[in-house]
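Q: Sequence:
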Amino acid sequence: MKNVLFYGDSNTWGYQGDNPMHRLDADKRYTGVVAAQFPDVHFIEEGLCGRTICSTDPIDYGRNGMAMLPALLATHDPLDVIVIMLGTNDSKAMYGHSPFTISDAMDRTIKLMQSPLLWSNTMQKPQILLVAPPKMGENLADSVYYGMFDESSAALIRALPARFRTLAEKYGCAFVDGSAVTAAKCSDQIHLTAEEHAVLGRLIADKLRELL
1 MKNVLFYGDS
11 NTWGYQGDNP
21 MHRLDADKRY
31 TGVVAAQFPD
41 VHFIEEGLCG
51 RTICSTDPID
61 YGRNGMAMLP
71 ALLATHDPLD
81 VIVIMLGTND
91 SKAMYGHSPF
101 TISDAMDRTI
111 KLMQSPLLWS
121 NTMQKPQILL
131 VAPPKMGENL
141 ADSVYYGMFD
151 ESSAALIRAL
161 PARFRTLAEK
171 YGCAFVDGSA
181 VTAAKCSDQI
191 HLTAEEHAVL
201 GRLIADKLRE
211 LL
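First residue of the sequence shown: 1, per this note's numbering; consecutive thereafter.
No lab work stands behind these hints, which were simulated from the structure alone.
Beta carbons are placed, not taken as given, at the ideal position from N, Cα and C, and that holds for glycine.
30 Å max Cα-Cα, derived DSSO-like pairs, lysine-lysine:
| hint | residue 1 | residue 2 |
| --- | --- | --- |
| 1 | Lys185 | Lys207 |
| 2 | Lys170 | Lys207 |
| 3 | Lys111 | Lys207 |
| 4 | Lys207 | Lys135 |
| 5 | Lys135 | Lys111 |
| 6 | Lys111 | Lys125 |
| 7 | Lys28 | Lys2 |
| 8 | Lys125 | Lys2 |
| 9 | Lys207 | Lys125 |
| 10 | Lys2 | Lys170 |
| 11 | Lys185 | Lys135 |
| 12 | Lys135 | Lys170 |
| 13 | Lys111 | Lys170 |
Label pairs and their computed distance ranges (CB to CB):
| hint | residue 1 | residue 2 | range |
| --- | --- | --- | --- |
| 14 | Asp60 | Lys111 | 21 to 27 Å |
| 15 | Met21 | Met148 | 15 to 21 Å |
| 16 | Ala36 | Asp104 | 33 to 39 Å |
| 17 | Glu195 | Pro39 | 21 to 27 Å |
| 18 | Asn139 | Leu72 | 31 to 37 Å |
| 19 | Asp57 | Arg165 | 25 to 31 Å |
| 20 | Pro39 | Tyr145 | 34 to 40 Å |
| 21 | Met1 | Asp27 | 17 to 23 Å |
Start from the sequences and build out the full structure, keeping to the hints where you can.
A: This is the structure we're talking about:
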């Protein structure tokens, strides 16, 4: 049986901006939408609210995705594919990132995932499917998270697909442009609704068929 790891943030975890006390059901999350199309594949979800590519949150500990990655990859080894969708939380105003610094962080994360030091005990290192994060809604100023995220955050996210596509080509990764999905239907303008999860899941499943 092949093994696929999803590595992401609150949209991978299934946070519902319109109903934050209840996690979106497993079959409604984009990860579940993908898994339903591959019954003979073992899917592992590693979604964490607030997870970044490499930014360290001063309040919520353990959110630095690069710092956590080696232990998680070793935990779930062997893996055939890693699906990584991160970047939204790095766009928080408090981090002061630019499109370059976020894409540079993803560059270093991909190199880490491809490091032979991590996969020396397995037959082969896993393939990587890089997913650019969904766009934020246009009414961000009305979001409960406004201030944490602002117009500069939305602009950063819009700049990532082209940069992530270039990274995918550089390192031989597969790529999905998650910005084809927009978090406009959720009141917080950050998180996906079940309908948007379904769209994203289909996009990822189509690309994953080329890898499995």
